[in-house]
Every structure is written in C-alpha cells, then in structure tokens.
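Line by line, the protein sequences are chains L and G. Sequential numbering from 1 applies to the first sequence in the working numbering. Sequential numbering from 393 applies to the second sequence in the working numbering.
Treat the hints as calculated values from the structure; they're not laboratory data.
Here are the computed lysine-lysine pairs in the DSBU-like style, where the Cα-Cα straight-line distance is at most 35 Å: (1) L/K304 to G/K653; (2) L/K326 to G/K462; (3) G/K520 to L/K43; (4) L/K59 to G/K520; (5) L/K43 to G/K513; (6) L/K147 to G/K653; (7) L/K59 to G/K513; (8) L/K147 to L/K43; (9) G/K513 to L/K56; (10) L/K147 to L/K113; (11) G/K472 to L/K113; (12) G/K598 to L/K304; (13) G/K520 to L/K56; (14) G/K462 to L/K304; (15) L/K304 to G/K472; (16) G/K653 to L/K113; (17) L/K353 to L/K147; (18) L/K56 to L/K122; (19) G/K684 to L/K304; (20) G/K684 to L/K113.
Sample of chain L residues lacking proximity to chain G, with all beta carbon distances greater than 10 Å (derived): (21) M1; (22) G245; (23) A257; (24) L380.
Bear in mind that the values here come from a model prediction, so they are computed numbers and not experimental data. Every residue, glycine too, gets a C-beta built ideally from N, C-alpha and C.
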Amino acid sequence: MTAIHHFIPTLLKGDGTGNNARAMAQRINELGIDSDFFVQEDKTGEGHRHYSEYPKLAKPGDILVYHLATASEIPAFLASRAEPVVVVYQNLTPARYFERYDTLASVLQRRGKEELALLADKAIVGIAPSSFNCGDLEASGFREVIKVPIIFDPADFMGRSDDAADAALARPERRGFSSWLFVGRLVPNKAQERLIMALHAHRELYGDNVILHLVGRPSYPSYVDSLYELTVRLRLQDRVNFVMGVTPAELASFYRASTLFISASEHEGFCMPIVEALFHGLPVVAYDATAVPETLGIGGVHIKDRDPVAMATWAEAITSSAALRKRLLGLAKARLDEVSPVATIPLLDAALKRILEITDSPLPNFAAPSSLAIRSQAVLASHLGASLRARD
Amino acid sequence: MDKGHPKESLEGTGKFEPELSGARVQGYLAEASASSEEGQSDETLEAIAYVARVQREIEAEVAALRAEGKYPPSLVARIKRYYQTLLPPGSATALRDFDEAYRLLDRVAYIDIDVPTQSQKPGVSQIKRVARIFIAWYLNYVAQQFNNFSSNLIRLIGIIDARIARLEAKFDETDFSAVDLIGVTASLSAQRELAAALATELADNKGRMLVAECGDGAILALLADQGRDVYGIDTRVEYLDQLEMRRLEVRNSKTLSHLAKVENSSLGTLVLSGIVDRASISDRVAALFHAKRVLYQGGTLAIVSSGLETFMAPENHLESDLSPGRPFTPQTWAELARRLSFSHVRTLFDANSNHFVVIANNTKIEARLSWLSESAIISAARDPRLEK
Numbered sequence: 001m002t003a004i005h006h007f008i009p010t011l012l013k014g015d016g017t018g019n020n021a022r023a024m025a026q027r028i029n030e031l032g033i034d035s036d037f038f039v040q041e042d043k044t045g046e047g048h049r050h051y052s053e054y055p056k057l058a059k060p061g062d063i064l065v066y067h068l069a070t071a072s073e074i075p076a077f078l079a080s081r082a083e084p085v086v087v088v089y090q091n092l093t094p095a096r097y098f099e100r101y102d103t104l105a106s107v108l109q110r111r112g113k114e115e116l117a118l119l120a121d122k123a124i125v126g127i128a129p130s131s132f133n134c135g136d137l138e139a140s141g142f143r144e145v146i147k148v149p150i151i152f153d154p155a156d157f158m159g160r161s162d163d164a165a166d167a168a169l170a171r172p173e174r175r176g177f178s179s180w181l182f183v184g185r186l187v188p189n190k191a192q193e194r195l196i197m198a199l200h201a202h203r204e205l206y207g208d209n210v211i212l213h214l215v216g217r218p219s220y221p222s223y224v225d226s227l228y229e230l231t232v233r234l235r236l237q238d239r240v241n242f243v244m245g246v247t248p249a250e251l252a253s254f255y256r257a258s259t260l261f262i263s264a265s266e267h268e269g270f271c272m273p274i275v276e277a278l279f280h281g282l283p284v285v286a287y288d289a290t291a292v293p294e295t296l297g298i299g300g301v302h303i304k305d306r307d308p309v310a311m312a313t314w315a316e317a318i319t320s321s322a323a324l325r326k327r328l329l330g331l332a333k334a335r336l337d338e339v340s341p342v343a344t345i346p347l348l349d350a351a352l353k354r355i356l357e358i359t360d361s362p363l364p365n366f367a368a369p370s371s372l373a374i375r376s377q378a379v380l381a382s383h384l385g386a387s388l389r390a391r392d
Numbered sequence: 393m394d395k396g397h398p399k400e401s402l403e404g405t406g407k408f409e410p411e412l413s414g415a416r417v418q419g420y421l422a423e424a425s426a427s428s429e430e431g432q433s434d435e436t437l438e439a440i441a442y443v444a445r446v447q448r449e450i451e452a453e454v455a456a457l458r459a460e461g462k463y464p465p466s467l468v469a470r471i472k473r474y475y476q477t478l479l480p481p482g483s484a485t486a487l488r489d490f491d492e493a494y495r496l497l498d499r500v501a502y503i504d505i506d507v508p509t510q511s512q513k514p515g516v517s518q519i520k521r522v523a524r525i526f527i528a529w530y531l532n533y534v535a536q537q538f539n540n541f542s543s544n545l546i547r548l549i550g551i552i553d554a555r556i557a558r559l560e561a562k563f564d565e566t567d568f569s570a571v572d573l574i575g576v577t578a579s580l581s582a583q584r585e586l587a588a589a590l591a592t593e594l595a596d597n598k599g600r601m602l603v604a605e606c607g608d609g610a611i612l613a614l615l616a617d618q619g620r621d622v623y624g625i626d627t628r629v630e631y632l633d634q635l636e637m638r639r640l641e642v643r644n645s646k647t648l649s650h651l652a653k654v655e656n657s658s659l660g661t662l663v664l665s666g667i668v669d670r671a672s673i674s675d676r677v678a679a680l681f682h683a684k685r686v687l688y689q690g691g692t693l694a695i696v697s698s699g700l701e702t703f704m705a706p707e708n709h710l711e712s713d714l715s716p717g718r719p720f721t722p723q724t725w726a727e728l729a730r731r732l733s734f735s736h737v738r739t740l741f742d743a744n745s746n747h748f749v750v751i752a753n754n755t756k757i758e759a760r761l762s763w764l765s766e767s768a769i770i771s772a773a774r775d776p777r778l779e780k
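Looking at chain L on its own, in the form it has when it is part of the complex:
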C-alpha cells in the first residue's frame, strides 16, 4: 500500500510552506493515499510525530516528500533512507543578503543549498512553485524537475477584518491619504528601503498624501534600524507605518484599506502576498525580479527597475486614474483564475502521477474531486466579485 509522507522542519499554521504542504497532503488523502507529517518542530499543536520516529512506522511502498525552505537535520536523515524521496523546494534566499546582518543565518542558507545538492542524487523528482526555483533545482543536479505553483486555499484570505484595525486605518486624519501596502518580513532581500525612497520621491513630486504600510515580522534589528533612520532622515516618520506582526484579521484590514500593493523585493521564491493582494482586488506594482514576474503574470504592473521616480509615478497613476484601476482589477481577476487551485490541483495531480509511475506504485483515480478546487471556485466566484465591485 503506497503512502506519501511529508517531512518538514517546522510545521506552522498560516505560513506559506506549511499551507502548501497541507494542501498537498489533503489532495493526496483525497486520492485515497495515506499522507502524514513528520517534523523536527511542530508548532501547530496537532501532535505530529518527530521525523526520527519514522523508521518505526516505515512501510514498503512509502514515498517521502521533503519540503525544503531552510536548513535542517532532515535531509541527512532522508539521504540515509531506502525509500524514494521527492523534494518540494520552496526556495532559499541567497546567503549574501544576510552576511551583513547575521552570519549564522547566512551560514544556514549556505547549508540549505548543500542539503539541496545532497538530496539531488537521492530524489526521484524535484518540485518547485516557479520556473525560477526549478532553475535552482536543475543547477543543484536534480534529474527531473516539475513546476507546481503554490497551492493556496482562498478561504484563508477571507477572514473577517479586525474592527480596531479598521477603525485605526480609517482615522479622520488619514482621510485624503492613499495607502501603499507591502507585506513581507523585514529582511534585506525584500528591500523595503526602496519603497521608502519611492515614497519620498512621491511626496516631492506629487504631494504629501500617501502612507506606506510595511507589514511584516522583523528578523534583523540592524536592518530595521536602518529603515527607521532612513524614514527619519527623509522626514517620513509619520508617513511610514511599520507593522511588525499582525493577526490574520488585522492583515485582512490592511489589504482592504489599502490603495495599492507595491513591492521592490529582489528575491522571492513565489511571493504569496502578491496573490493575496490580487485576491483583495488591490492593484499590484512589483519589481520584476526572481519569481515575481511568474507569480504576478498579467495581474499587475511589472516594473523593470526601481527608480523611485518611476515607482512614484506608477503609484500616482493608479491612485488618480479610475480607468487604470478598473483594468488592473480585471487583470487581477484573470490572474487569480490562472493560479487558483482549480488550475493548480491538476498540475499537482500530474506531478503525483509521475512520481507514482516512477516508483511503480498503483495509480489512484485522479478524477476524484478536489474539495479545495471546488471550494476555491465558489470563493473566487462570490467573494472576489464582491471585492472587485467594492473597489471598482
């Protein structure tokens, strides 16, 4: 009896890697194949087993899927196992981004790359959410690489917004201001400083009428300090809102209250916040780097360079032109159709079929409906339409 088990260093609720792994496990279960999690650290409170317990539970026909997004002990463990291994590569940020801020973090990123290479010989297939990540797998020596975009549940984006946050964002003194939003950890590769510079250019060129919300957990105090000092130096301390850690409800408030989503990030393996912004009907302006162009697709504005004047001018155009916003909203909807589970579950099925064929495992009935695809179809049809109408 075939089983496909997932190994993941840290399983969290609400993070991209964890959500994608859960969505994969759910689909595998729906196909009638057992699928459990083995972790190094379980932060879900669901009582998943430690990966070292797997040998006691191993059965013939097992296939082991490793979700790689950071360095861990698990690759060495998997490399020693006889079972076929599949690697789902969520991306590793190049170590050079951290060297200045945290040597240990940069060492761990390098180790992650080494672990990827270690598993390349062992893995029968590598799966990655973008062609950019597929390139990393190919460069590491994976024999076969399949692209399966991140599978998300749109229902996760539908939570109620937070009343207190809604009220704060609608404060009278903020009336007349438009809001730029970026969601992502405060880390150097996300280049939040470029957004602050763009905001400064906007104020100089188009007036003092924008607030920039930078929503994300800080990782390196010295990076956050540099962002603070830059805002003070540019006299933008009242115009840049650092929001370090939000609940899902508060996050929903920010998406709903913002005018546009703007990204200057230099390195992304997928960039889920872009998809979330599209879901909330936010026009997206994003710097075309690494996997961002693939994720954004036709759904928003791609900028080829981060000239603050160009970024500010785009933002001003979006804010002031209802016709442009309307077109961008239409494109956001079209893009969401392309990346929703309705489109991505068949890609996952194809990857699973290939894995089962390679391992001579019996094939399940892939015609079995995907509850996630059905649910997302309903959500996109109802919520998105309403959301877009509200912004239109």
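Since chain L is already given, all that's left is putting chain G on it; use the hints.
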C-alpha cells in the same frame, strides 16, 4: 520599452544583482509575457493593451520629470549613499553568532555515557540498566575517544578564532576604492577635435552604444546628436543631473559593475574612459575582457585615454597621487587589444598628443591569454568591490 538593447537593470544603484543579470530571469520574463496573452478574453487583452499604453505614458512622464530636474539623480544618489552609511559595516552580529555557535558546539561536543534508562513499560527500565552495565566498557571506550577528539577540535577552533581576531585587529578598514576620483579623460570636452574625430570613426557603427564614464557628456552628446542609440554611465551625479536635463540617457553606475550586468554580444560600440587611466592593471584588463564579451562580432571598442604628462599635471594631482595605476601608453593598449583578438587597431591623437583614442574592432575568436595570469583576471572580475 525593451529595444533589444543590453538587458541590464536600468536603475543606477551600482548594486550588483546577479539574478537580474543572466538570461535566466530574462527567459522567465519572456516566458511569462508570451504565455500571458494566450487564451485570454477580449476584455483581458484590452486591459493588457491599456496598461501597456499607460506604461509608455508613464515612461514619457518620468523622462519629462527628469528633464525638468524635479527629482535629479544626484538626490537619488545622495539618499542611497546615506542609506549605505546606515548599514552595518561588516557582519553586525558575527561575533555574537560565533560566540553562540562556539558555546553550543562546546555543549554538545561531550558524549555522555549515562544513557537514560527510564521507561513507562513495566520491567523495561531494569533491563535497560542491566544492558547499560554490560555495555559500559564499550561505551566508555568509544565515548572517551570521541570526547578526546571533540575537546581538541574545540581547542583548535578557539586558537583559530584568536588568530583571526588578531588579524582583524590589524586590518585597515579604509576603503580606498570609495575615494571618488575624477578620471583625467572622463570627458573630452577640452579636446573637441578628438571627440569629433572619434564620432566620425563611429559614424557607420550599428547597434547600441555605451560611453563608460561619460563625464560632462562631450562624446555622448555628439553621438546622440547624430541620432545614435547611445547611453552613458558615470558616478558623478553633478554631471548626471546636467546630462539628464539635456535629455541624454545616463545611468549612475560604475564601469565594471555595469559591464558585468550587460548581456553578451549586446553592444555595437563601447567607449571606455576614466577607468583606463586610473584603475589598477587587473581592473583595466577586466574591463577589456568585459568589452570582448559585451561587444558583438564586428563591434567597436574605443579607449579614450591620456598621456602620462597630462596625468601628472598639477591640476590632476588627485588622480596621479591616489590612483592605484598610471595610464598605459597607446602602444600598450593597442598590444593588449590585439592579444585579446581585437582587429583593425588604430590610434587617434589630439594636436598636442596629450590625449589619444585607441579604436579596435571586436573579432569573436578565442583570445590568446597565455601571457596573462587568468586567475588574476578572474579575481579582478570578481572583485567584491564590484558588488558595492
């Protein structure tokens, strides 16, 4: 927007962004844009066309704002320079990280033979204790060897740390490369005759042209006036502001870091100046290698330089005193170009022979490198200063 010109990020940060430099991301972009329009509804196609139209309008508006000097490159450069000063100089937490890792390693390096014997199953705890007694002789022996090894390893790491700390203390952190020298020949404004002769030489050239260290834009303006597809780079923002207001295409970038980002065989003409006078020999050779790579077959390299007399003149004291190198003679440049398989090498001089331009055509055959240390060239090309 893209005219099939060098696929290099337009921004003038001087920051090296490898993901953007290669064909890799460009390929993905092409793939994304090619697939984006397939199978889309008429409404979506109309929206895509509308956004593309707005993009052109925005590019024109940005160019107009630049030309009006409303947000000049010097302001952008000042903000970026200020931001650089806010970043930690080296590895902000390196010492703390090392101490923490060292402490963790020290803690786990010792193997404890006191194996836990507790068990929730009845009787198993006693069995484990008995087993532990029986294999204690073996565990002791293995653990002793491992503990010997690890304690010596820890000691060795401690010694290495102390030695590195001594070296770090001696290291002079002054970054001479940050001294912003003005290239002697960064412009040929004073040598209009020579600039005009160069423009005439390049009259029949096709393709995109780059003037590296364009200075006050004497050559750049001449070529642009001829309707050539030309852009310039420089790091002196006072020049960039002026040139942008004259609607010349310029970027704030250093020569080597910019060339590193330019795609292979994407330029028709490369004019090198400034760096050819004052850079180190390895940097000058690296610039030549880049020229070989970025110029397409039959493309033209022009090296604008000055004689030693000009370089040593009192008004150029900064360059002559602080530069790691001194200018090559035209004969040396010509010989280097030939050895890198450039052909039709010729030299133009000004009336006083103080300034000269070496012109050569790129021929894509394998260069003869045996007389140069390849590793030196490679290390020059990977100079970490390029990534600043």
